Amino acid sequence: MQNSIKKYFPVFLLPTFLAFIIGFIAPFAMGIYLSFCKFTTVTDAQFIGFKNYTKIFSEGDFTHALWYTSAFTVVTVIIINVIAFAIALALTKKIKGRNTFRTVFFMPNLIGGIVLGYIWQLLLNGILLNVGKTLSYSATYGFWGLVILMCWQQIGYMMIIYIAGIQNVPGDIIEAAQVDGVNKWQMLKDIILPMVMPSITVCTFLTLTNSFKLFDQNLALTNGEPSNMSELLALNIYRTFYGRNGWEGVGQAKAVVFFIIVAIIAVAQNKLTRAKEVEQ
Amino acid sequence: MRKFKKLSACVLALAMTTGMLTGCGDDAGKDGGSSKKEASGKVYYLNFKPEAADQWKALAEAYTDETGVDVTVVTAASGTYESTLKSEIAKEEAPTLFQVNGPVGMATWKDYCYDLSNSDFYSHVKSDDFVLKSDDDSQVLGVAYVIETYGIIYNKKIFADYCATSGAKVSDISEINSFDKFKEVVEDMQSKKDELGILGAFTSAGMDSSSDWRFKTHLANLPIYYEYKDDGIDTTDAIKGTYLDNYKAIWDLYINNSTCEPSLLSGKTGEDATAEFSLGEACFYQNGTWAYGDISGNDVADEDLGMIPIYVGGEGEDKQGLCTGSENYWCVNKNASEDDIKATLDFMNWCITSDTGRDSICNDMGFVTPFDSFTEEYQPENPLVKIANEYVESDKTPVPWLFPTMPSETWKNNVGSALLEYAQGTGEWDAVKTAFVEGWAKERAASSDE
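If you read the protein sequences in the order shown, they are chains A and B.
Just so we're aligned: 254 in our numbering is position 254 of the first sequence, and the numbers increase by one with no gaps anywhere.
Heads up, our numbering is the position in the second sequence plus 280, with the first residue counted as 1.
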């Protein structure tokens with residue numbers, strides 16, 4: 001058995017590895033190289049050194065997008081995880097039709113971001129019509145619009161992960177705790193939460209990176225209006241890239257900076273929650 | 281612990297596959313690119329005009345049936361042409377035929393343009409006014425293939441009803457020959473909208489991306505036109521904004537006398553405005569000859585369509601005509617293979633000389649072209665084009681299309697955002713001024729910065 005694994009592992013590994021190189025490593029390396037270039041299309045680049053990087057903060061729009069995105073991420077990570085966990089708790093209890101509920105909550109995830117963005121734009125503008133305004137009235141409206149959309153889309157997905165986690169808590173531990181006479185709150189805080197810590201790691205990681213990278217929903221829902229005030233980082237990068245002749249490289253440089261920021265935050269988060277995971 | 285590892289692994293795998301699946305749906309809509317046929321070259325046309333997307337597809341099929349040469353037509357969605365072109369042209373199977381919008385677009389793409397000066401195609405162009413040349417005038421890099429006209433389209437029936445009301449400001453459309461007169465009429469009509477059975481004098485000035493170009497680009501052409509005219513120039517690195525007050529006046533007129541509240545403009549689309557006009561809910565609609573296809577076949581009969589110039593209160597505007605020009609220049613990708621370039625040139629030539637091609641371009645697409653091959657019998661039925669031709673033949677001076685000299689997409693977007701904020705009451709007009717004047721200089725500097 002061991003031998004045949006040793007013998008045949010390339011057969012299983014190589015295709016994925018190739019796909020990984022073509023689909024991830026190569027464009028990534030090329031992207032970093034392009035951030036040091038001036039180019040119109042990605043195939044005719046001309047090396048210019050750090051010039052692109054000096055222009056990143058020249059207009060203040062990147063800084064604004066950075067703060068706006070950070071605030072957005074903090075809010076959505078908290079709301080999504082708390083609500084998803086609460087729903088998961090409820091739907092692991094023995095209630096009638098819980099599978100139907102699970103399916104219904106999960107479904108929003110199957111709709112593409114652009115479509116969702118436009119649908120929610122119609123819905124939210126329809127509501128705001130009552131006060132004679134639209135989503136683009138202020139960046140605050142856009143912000144909460146995005147938060148609502150994001151929650152609606154992501155809660156179901158995270159819920160499924162939490163359900164899997166909660167169901168994995170061994171019955172004997174729970175029984176033992178019950179025999180010891182813990183109340184409901186203690187059960188949640190001292191037994192279930194530590195046991196589902198791996199799920200929490202995964203969910204916070206996913207929500208964190210998803211919020212930071214959010215693009216299509218932002219494009220469809222507010223498109224940065226009013227005056228780029230509701231522009232998240234990814235949209236800012238996209239618009240820098242396509243907005244002016246000769247600024248493609250600056251967009252690319254922003255993307256590299258963006259990558260570094262997301263990577264640092266994600267690694268830190270991973271370390272933090274991993275440390276809280278318990279051996280079973 | 282093993283269980284948890286398994287769980288995390290499953291979840292991560294799930295997350296990854298979701299990402300992969302969403303990433304894949306992109307190319308499905310682009311047909312024809314890989315179908316194999318016996319022909320040496322092939323054509324890939326990246327079309328700029330969504331309103332003619334189906335007609336181009338049909339024409340391409342007709343050409344393939346006739347000659348066996350593969351023609352792929354891909355149309356970029358409204359407002360995304362530059363970004364689509366940038367990614368498409370970097371591909372192995374790059375567009376062989378693409379479009380630029382004018383001098384500023386040509387500055388970006390000149391290194392990709394094949395010299396057309398020896399092509400049959402170029403020999404049919406009536407005048408060099410319709411071509412884009414290289415900086416030293418030695419090469420022809422782009423050729424306009426459609427000449428278009430825009431102004432304020434109006435519904436003759438509603439207008440006649442208005443003229444019949446008591447206290448109407450004019451008795452005939454010809455009396456409107458200045459901004460002041462136009463304003464009087466529009467405001468009076470708005471106050472009588474219930475009597476006339478309409479929702480507003482103007483269709484909604486939607487600031488959704490499907491509609492905002494009508495104002496941030498086309499309407500902005502007029503203040504630019506009068507400033508250039510005063511200064512005797514045809515492009516500039518620093519605009520002064522002499523006529524911005526006029527821009528404000530006409531924008532105020534649009535947003536305050538329309539079918540919807542100014543605060544709701546951001547959600548209004550181009551389709552909304554078209555629908556309002558073609559269902560007879562509003563009398564005035566700023567758009568051009570290309571809008572005919574969308575308007576026709578509804579409540580408004582062809583003979584009820586009229587078009588007047590956009591008056592903004594400039595000097596001598598009683599002689600001002602409609603805005604006529606082109607932002608559609610055909611360019612051939614010089615990096616394509618010899619065979620493909622030849623196939624593309626043949627295709628272009630076929631489009632403007634064969635009966636099928638000419639019929640499709642003038643009747644199905646309704647385009648006016650600058651080619652001598654489009655003789656008398658190949659003039660479009662489009663009533664708006666007829667009006668445009670009448671204007672050109674009258675003593676009015678046509679307004680050229682100067683918006684291709686706008687410095688960048690970012691400039692247009694910033695002006696558009698400022699217009700919207702002003703309209704919905706969250707911004708001041710000064711922001712439009714800043715975006716217009718300071719933004720111009722800044723964008724010019726940013727784009728030319730080496």
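Rather than coming from a laboratory, the hints here were simulated on the basis of the structure.
Please read all numbers here as calculations on a predicted model, not as lab measurements.
Heads up, a few of these hints could be off.
[Said to hold, decoys possible] Here are the simulated DMTMM-like cross-link-like pairs (lysine to aspartate or glutamate), alpha carbons at most 20 Å apart as the crow flies:
1) A:Lys93 <-> A:Asp190
2) B:Lys722 <-> A:Asp61
3) B:Lys329 <-> B:Glu341
4) A:Lys51 <-> A:Asp61
5) B:Lys614 <-> A:Asp190
6) B:Lys406 <-> B:Glu689
7) A:Lys133 <-> B:Glu656
8) B:Lys366 <-> A:Asp44
9) B:Lys390 <-> A:Asp61
10) B:Lys371 <-> B:Glu657
11) B:Lys599 <-> B:Asp511
12) A:Lys55 <-> B:Asp532
13) B:Lys509 <-> B:Asp525
14) A:Lys55 <-> B:Asp710
15) A:Lys133 <-> B:Glu708
16) B:Lys599 <-> B:Asp584
17) A:Lys133 <-> B:Glu657
18) B:Lys622 <-> B:Asp400
19) B:Lys722 <-> B:Glu689
20) A:Lys38 <-> B:Asp391
21) A:Lys133 <-> B:Asp532
22) B:Lys722 <-> A:Asp190
23) B:Lys614 <-> B:Asp416
24) B:Lys713 <-> A:Glu59
25) B:Lys371 <-> A:Asp44
26) B:Lys622 <-> B:Glu607
27) B:Lys463 <-> B:Asp474
28) A:Lys38 <-> B:Glu368
29) B:Lys337 <-> B:Asp639
30) A:Lys38 <-> B:Glu362
31) B:Lys472 <-> B:Asp452
32) B:Lys614 <-> B:Asp460
Each hint tested on the structure:
1. A:Lys93 <-> A:Asp190: Given that 20 Å is the threshold and the Cα spacing comes to 18 Å, the pair holds.
2. B:Lys722 <-> A:Asp61: Holds, at roughly 15 Å.
3. B:Lys329 <-> B:Glu341: 18 Å, holds
4. A:Lys51 <-> A:Asp61: 18 Å, holds
5. B:Lys614 <-> A:Asp190: 69 Å, violated
6. B:Lys406 <-> B:Glu689: Cα-Cα ~31 Å, so violated.
7. A:Lys133 <-> B:Glu656: Violated, because 51 Å separates the two Cα atoms, which is more than 20 Å.
8. B:Lys366 <-> A:Asp44: Holds, at roughly 11 Å.
9. B:Lys390 <-> A:Asp61: 30 Å, violated
10. B:Lys371 <-> B:Glu657: 41 Å, violated
11. B:Lys599 <-> B:Asp511: Holds. Lys599 of chain B to Asp511 of chain B sits at ~19 Å (cutoff 20 Å).
12. A:Lys55 <-> B:Asp532: 37 Å, violated
13. B:Lys509 <-> B:Asp525: Within the cut-off at roughly 17 Å; holds.
14. A:Lys55 <-> B:Asp710: Given that 20 Å is the threshold and the Cα spacing comes to 26 Å, the pair is violated.
15. A:Lys133 <-> B:Glu708: At roughly 17 Å apart (the allowed maximum being 20 Å), Glu708 of chain B and Lys133 of chain A satisfy the hint.
16. B:Lys599 <-> B:Asp584: 24 Å, violated
17. A:Lys133 <-> B:Glu657: 51 Å, violated
18. B:Lys622 <-> B:Asp400: Since the Cα atoms of Lys622 of chain B and Asp400 of chain B sit roughly 11 Å apart, the hinted pair holds (cutoff 20 Å).
19. B:Lys722 <-> B:Glu689: It holds: about 13 Å lies between the C-alpha atoms, which stays within 20 Å.
20. A:Lys38 <-> B:Asp391: Given that 20 Å is the threshold and the Cα spacing comes to 14 Å, the pair holds.
21. A:Lys133 <-> B:Asp532: Holds, at roughly 18 Å.
22. B:Lys722 <-> A:Asp190: Outside the cut-off at roughly 60 Å; violated.
23. B:Lys614 <-> B:Asp416: 18 Å, holds
24. B:Lys713 <-> A:Glu59: The given pair, whose Cα atoms are some 18 Å apart, holds under the 20 Å limit.
25. B:Lys371 <-> A:Asp44: Roughly 12 Å separates the two Cα atoms, so the pair holds.
26. B:Lys622 <-> B:Glu607: 25 Å, violated
27. B:Lys463 <-> B:Asp474: 19 Å, holds
28. A:Lys38 <-> B:Glu368: 18 Å, holds
29. B:Lys337 <-> B:Asp639: Answer holds: Lys337 of chain B to Asp639 of chain B is near 14 Å, not above 20 Å.
30. A:Lys38 <-> B:Glu362: Holds, because 17 Å separates the two Cα atoms, which is no more than 20 Å.
31. B:Lys472 <-> B:Asp452: 17 Å, holds
32. B:Lys614 <-> B:Asp460: Between Lys614 of chain B and Asp460 of chain B the Cα gap is close to 51 Å, so the pair fails against 20 Å, i.e. violated.
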